[in-house]
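Asker: Can you make the complete structure from the sequences, with help from the hints?
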Amino acid sequence: MRSPAAITSPRRIPEFFPVCELSPISRRNAVKAALAFAASPFLRYVPTYAADHAEVSEIAPGVFVHQGRYEMQSPENRGDMANACFVVGNESVAVIDTLGSAVAGSELRNAIRTVTSKPIRYVINTHMHPDHVFGNAAFKEDNPIYVGHLKLARGLASRAERYLAINKQMLGDNAFQGIEIILPTLAVNGTETLDLGGRSLVLETQPTAHTDNDMTITDTATDTLFLGDLLFSVHVPTLDGSIKGWLALLDDLSRKQAARVVPGHGPKAMELPGALEPEQRYLAAIVSDVRRLIKEGKTLEDATRVAGFSERDAWKLFDQYHVRNVTAAFAELEWE
Amino acid sequence: MPALRSLVYLRRVAALATAAFVLLAPAAKAEEDVWPELRQQTFGDRAIKAEDGVVVLEIPGTAEDASLVPLTVRVPPSVTQNLKSLTLIVDKNPDPLVAALSFGPAAGSGGERSFSTRIRIDSFSHVRAVLETEDGTLHMATKFVAAAGGCGAMQAKDPDAESVDLGKMIVKTFPPALDSNPIWSGLVMIKHPNSNGMQLNVNTANIIPARFVKEVTVKRDGEIVFQMQSTFSISTNPNFRFTFGRGADNSLDVAIKDTDGAVFTAQSAPSGS
Chain U
1 MRSPAAITSP RRIPEFFPVC ELSPISRRNA VKAALAFAAS PFLRYVPTYA
51 ADHAEVSEIA PGVFVHQGRY EMQSPENRGD MANACFVVGN ESVAVIDTLG
101 SAVAGSELRN AIRTVTSKPI RYVINTHMHP DHVFGNAAFK EDNPIYVGHL
151 KLARGLASRA ERYLAINKQM LGDNAFQGIE IILPTLAVNG TETLDLGGRS
201 LVLETQPTAH TDNDMTITDT ATDTLFLGDL LFSVHVPTLD GSIKGWLALL
251 DDLSRKQAAR VVPGHGPKAM ELPGALEPEQ RYLAAIVSDV RRLIKEGKTL
301 EDATRVAGFS ERDAWKLFDQ YHVRNVTAAF AELEWE
Chain R
337 MPALRSLVYL RRVAALATAA FVLLAPAAKA EEDVWPELRQ QTFGDRAIKA
387 EDGVVVLEIP GTAEDASLVP LTVRVPPSVT QNLKSLTLIV DKNPDPLVAA
437 LSFGPAAGSG GERSFSTRIR IDSFSHVRAV LETEDGTLHM ATKFVAAAGG
487 CGAMQAKDPD AESVDLGKMI VKTFPPALDS NPIWSGLVMI KHPNSNGMQL
537 NVNTANIIPA RFVKEVTVKR DGEIVFQMQS TFSISTNPNF RFTFGRGADN
587 SLDVAIKDTD GAVFTAQSAP SGS
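Line by line, the protein sequences give chains U and R. Take 1 as the starting number for the first sequence in my numbering and just add one per residue. Take 337 as the starting number for the second sequence in my numbering and just add one per residue.
Simulated from the structure, these hints should not be mistaken for lab results. Glycine is no exception: its CB is placed at the ideal position from the N, C-alpha and C atoms. The reader is advised that the hints may include incorrect statements.
To be verified - Taking lysine to any residue pairs in the SDA-like style, the calculated list, with each CA pair at most 20 Å apart, reads:
| no. | chain 1 | residue 1 | chain 2 | residue 2 |
| --- | --- | --- | --- | --- |
| 1 | R | Lys-504 | U | Glu-334 |
| 2 | U | Lys-298 | R | Glu-448 |
| 3 | U | Lys-298 | R | Glu-394 |
What the hints assert, rightly or not - Just so you have them, the derived chain R footprint on chain U, three or more residues with Cβ under 8 Å:
| no. | stretch |
| --- | --- |
| 4 | 199-213 |
| 5 | 216-227 |
| 6 | 313-319 |
Answerer: Encoded structure:
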């Protein structure tokens, strides 16, 4: 299943990448970054984290979940802001998402090692976002097969420089240390089954929704469905794909049967279909407001001031992501 | 096995991006004021009245998405002269000229006039709107925007879906709320990548060649509202919102040319829809 290790190519790889050094900076983040820098101006990276391990819970036999914080990345949280999971089979272990830094990924790996010494054969990424893939480097020593949606590689590679720049700035030098872009070595298109010994994981690529490279995973032994960022709970959803596609997919998912689902952001385990409802309500509110505003001849700026604000008190991080969601939704819906 | 080969490319691209970032990121651009030279190149020795209230620039101080920053220029109703031209500039963009409009007889007067679009901003920069009124005076409004990475960043969220519709256009007109207001507004949208030669095609690991909208002509009932020269500082799927003077039919004809020489045309649906 591994792709051939080397394919020689006459194609030339460009030596120049346009550099856009910085990302949009909020004053809070600028202050955070400045403080982090001031606190440790001359310290080299010291891997004191090596003894630490991420806190995990066994939500079903052999299924472990670490719950990320409802925060933006910062030097304090080291990119530990999404849920990360692992499933232990008779023969091997599969990791599902790796948190937002090599440091946090390493703590996840330590947690796995407190539970089992079986080899970590698969590192699965549910989609391309840094808070789910930037810990991939922590598993290099296990020489795993990295697994993702066929379109994950394109999505992540084309955003790599920007993601690195943003995260370097927001995480600070210490937490940024060791981060590498590691793309899938097994690209999934449709359905793929991974055997862990005595249990298998069924991977299914999904149409454009949260991103254009979302993939869901089912652990057949416990009927646990890992939804990645197709499901946000408590943490406001973030739209980087298609709002219409996302709502359509949620409609399909709500008819699925599963003993439990694990969101990309939210509690460690939830139940269908209730788990999806707040997110469906949030996205539907944006769609309905934006459609009405477009019909009234209003502009994108008008929409960013009013659309979906009825949802403000229902979510954490609303102020950080909502305007961007409305912007993306408007740019999609104005073509209807 | 093209899929596998492209995966290998992608991994190289990712490794190179990491390397390029590590090598280049610490060398921040020197903070220099490029405006005096830009001003000389664009307007020569002509006097420019800054912030005199004739032109107002609205743009967020911090952009949520640097590849899609909404910008609006307003000329308040107290300004009664006809308008001659409007130049939009982002000091620190690779090509600082965003767009240069020259207004025609159908541009209208007798109410608030405005022009809106969405732009890319490559690094922290001053953004300027320079308006020329009929008497030949230049008026300027300036804002500073904290936004970066808009030019190299790939904006398409679903590139496969986007590439299908290139050239699709929507043209709409909106009558004023009050019949006594002689100013209508119009909207022109075109599906176009407006690629700036700075985005990476990760399937081939080559830079995507520049292809962008360079000329837009909007006519109302056959008379020119404006003619615009534009650059890749306009966002993907260019979007223009503008005012025009009331005419007999108020129907808009739009012609758009891109740098590949392709011409796209569209008309507004009749009677203000």
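Asker: Looking back at the hints listed earlier, which ones does the structure fail to meet?
Answerer: 5, 6
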